[in-house]
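Once you've looked at the hints, dock chain U against the given chain F.
Residue numbers (my numbering), protein chains in the order written: chain F, 603 to 926; chain U, 86 to 375.
No wet-lab data here; the hints were simulated from the structure. Here the structure is a predicted model, which means the values were calculated and not measured. Treat the hints with care, since some could be wrong.
To be verified - Calculated pairs, BS3-like style, for lysine-lysine (alpha carbon to alpha carbon, straight line, at most 27 Å): (1) F:K688 to F:K699; (2) U:K99 to F:K733; (3) U:K90 to F:K733; (4) U:K110 to F:K729; (5) U:K99 to F:K729.
To be verified - Covered by chain U, per the in silico footprint, the following chain F stretches (three or more residues, Cβ under 8 Å): (6) 687 to 696; (7) 776 to 788; (8) 900 to 914.
Glycine is no exception: its CB is placed at the ideal position from the N, C-alpha and C atoms.
Listed here are the chains, written in short residue letters.
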Amino acid sequence: MGMKDYIIKRSVFALIAIIAVFIFNFILPRLMPGNPIMFVMGGTKLMPETREMLIKRFGLDKSVWEQFVAYTWRALHGDLGISFSKYPRPVTELISKRMPWTIALLLPAVVIASGLGIFVGVLAAWKRGGKFDLTVTNVGLFIWSLPFFWLALVMLLVFAYYYPIFPLRGAVTRGIEYANVFDFFKDWLWHSTLPILSLTIWNYAGYTLMMRNTMVDVLHEEYIVTATAKGLSDRTIMFKHAARNAMLPVVTQITLSLGFTLSGSIFTETVFSYPGVGLLTYDAVIMRDYPLAQGLFLITAIAVIIANLLADVIYARLDPRVRY
Amino acid sequence: MKKVKAQLWIKNLKNFWSLYKTTKKGVIGLIIASIFVIIALLSPWIVPYDPYEWNVVQPFAPPSSTNILGGDDVGRDIFSQLIYGARTSLFVGFVAAVSTTLLGVFIGTVAGYFKSLDSILMTFTDIVLVLPSIPIMLVLAIYLGPSIWNIIMVITITNWTGVARIVRSQILSLKERAYVDSARAIGAGNVHIITKHILPNTIPIILASTILRIVNAILAEAGLSFLGLGDPTAISWGMVLHYAQSCGGFSRGAWWWIIPPGLLIGLVAVSFTLIGYSLEAVFSPQLRRS
Chain F
603 MGMKDYIIKR SVFALIAIIA VFIFNFILPR LMPGNPIMFV MGGTKLMPET
653 REMLIKRFGL DKSVWEQFVA YTWRALHGDL GISFSKYPRP VTELISKRMP
703 WTIALLLPAV VIASGLGIFV GVLAAWKRGG KFDLTVTNVG LFIWSLPFFW
753 LALVMLLVFA YYYPIFPLRG AVTRGIEYAN VFDFFKDWLW HSTLPILSLT
803 IWNYAGYTLM MRNTMVDVLH EEYIVTATAK GLSDRTIMFK HAARNAMLPV
853 VTQITLSLGF TLSGSIFTET VFSYPGVGLL TYDAVIMRDY PLAQGLFLIT
903 AIAVIIANLL ADVIYARLDP RVRY
Chain U
86 MKKVKAQLWI KNLKNFWSLY KTTKKGVIGL IIASIFVIIA LLSPWIVPYD
136 PYEWNVVQPF APPSSTNILG GDDVGRDIFS QLIYGARTSL FVGFVAAVST
186 TLLGVFIGTV AGYFKSLDSI LMTFTDIVLV LPSIPIMLVL AIYLGPSIWN
236 IIMVITITNW TGVARIVRSQ ILSLKERAYV DSARAIGAGN VHIITKHILP
286 NTIPIILAST ILRIVNAILA EAGLSFLGLG DPTAISWGMV LHYAQSCGGF
336 SRGAWWWIIP PGLLIGLVAV SFTLIGYSLE AVFSPQLRRS
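Pulled out of the complex, with its shape left as it was, chain F reads as follows (with noise of 0.2 Å):
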């Protein structure tokens, strides 16, 4: 099989995963025991005319099937409904207002997390079994058996509360008017910095573990043997050699923990109070706003399956060693 019938063969994979979410979505609030109606809308007490009128305007008096091709072509044309903690603004309005909060939370966070764990990983493969390699690992391991939000918890108490270098929620302070883009800036950073931090701390256990096993592996290689028998230096065979191999499946990783990275921005932008996709996840969840929710879901999932098919197609073009 060729490289072009992997990427045929990943690309139909993610379309079925695709899908999948749809279907998931759409039977989900249809599974549950009472009216749909209930779950669609949220309407707690309606009208009769107006419970008609709803079940007119979302089709639901038509068959299954034809609800589903329905609500697929809403979807995809974003329209994922209206919200009814928030009513009644879109779904989408309101998940696209606060995307860009949580990319520049996010962005920042898996940028030092990595470059971060992939250094340390490979100092710590190097020599390992070593005192560092067993501080690396034992620490990055309790830092991954934490409870991730329990870490954020910890820093607002302490650095916010106990020691307030920090203020305690927010991703901007309310109500101030700024002199320039820069001040903006300066204020927003102000507020993210512990966010930041608690997302690069926990994301970096995971990376630098990954790093330091891959690494492992890579240095058993016989070129490393090859280079080592060369007479190369130290430096040459730990980054030249072994770290760019052992980055290339580590990066790939990153890509692929797209989804446990989203979840963490559920934890710390619900610990900070910072405005982004995460809080609206909480609010949607703290007040059964289902449609929220769903589109939420469905939001994520997707970016996280292209995530997953971007990886595995960039993986294969770069690692030549990779048989389909």
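Only chain U this time, still in chain F's reference frame:
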């Protein structure tokens, strides 16, 4: 015959233990985990106060000699809540790990053994694997409503894929062995072959993965409870953190309410992770050598 079998079991167990006790991490993990299990089992009898009772201590009271971890917003004793919470957290951890494993073993076995179902089941597995688990859990949980059993169900639905893949790959290789062919030649049926000749060989690897599932389940329960999807009638470590966050633990700087539950979750998770890794090392000769 029975006696021989029993002797073999004892011999194997002794063998296993002599290998396991050489892993320092595994022994440490086992000790810590056992302490937590004992506390969880005895919790109703060893709590100093009723963890549900209000006003046994001043609201937001800091730690004192009578209430070593102080009180929460309605004056419940936090130390008692944590002891009691071990019960819920470990219960969810164990039950969810077992149900996850059962579902994974079932799907993995069917996929590995019956060629015609393999590709469809594995595509399904891959889809569930690719989807972000926390968002699925959240969506499912808000529809199902908050209860311990719903949390267990949600964890099971999202976590079985790893087990299914491991079991499938084991079965793909096991079913080609000569002894399976001989069993088939003397007329053994599929169910007999699977349950008597194939699955017993996968038990070690399944056991190690089940232990690691416990960690996942405990962390997932804590996460769901923290986000307000926990069972309001049960006290778990995640619920304690949820109340600390939503009922003013921060505005009072109540570190005694926020720090201990997370440390306990982390400690339990580490101990089971250590056990799981050590089991993997003991059961797989390749890992043992290195």
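Checked hints:
1. F:K688 to F:K699: holds (13 Å)
2. U:K99 to F:K733: Given pair K99 (chain U), K733 (chain F) is violated - Cα atoms ~33 Å apart, limit 27 Å.
3. U:K90 to F:K733: Roughly 45 Å between the alpha carbons, so the hint for K90 (chain U) and K733 (chain F) is violated.
4. U:K110 to F:K729: holds (20 Å)
5. U:K99 to F:K729: violated (35 Å)
6. 687 to 696: violated (count 0)
7. 776 to 788: With 0 residues in contact (Cβ-Cβ under 8 Å with chain U), the coverage given for the stretch 776 to 788 of chain F is violated.
8. 900 to 914: n = 5 at 8 Å, threshold three: holds.
Hints 2, 3, 5, 6 and 7, counting from the list given before, are not met by this structure.
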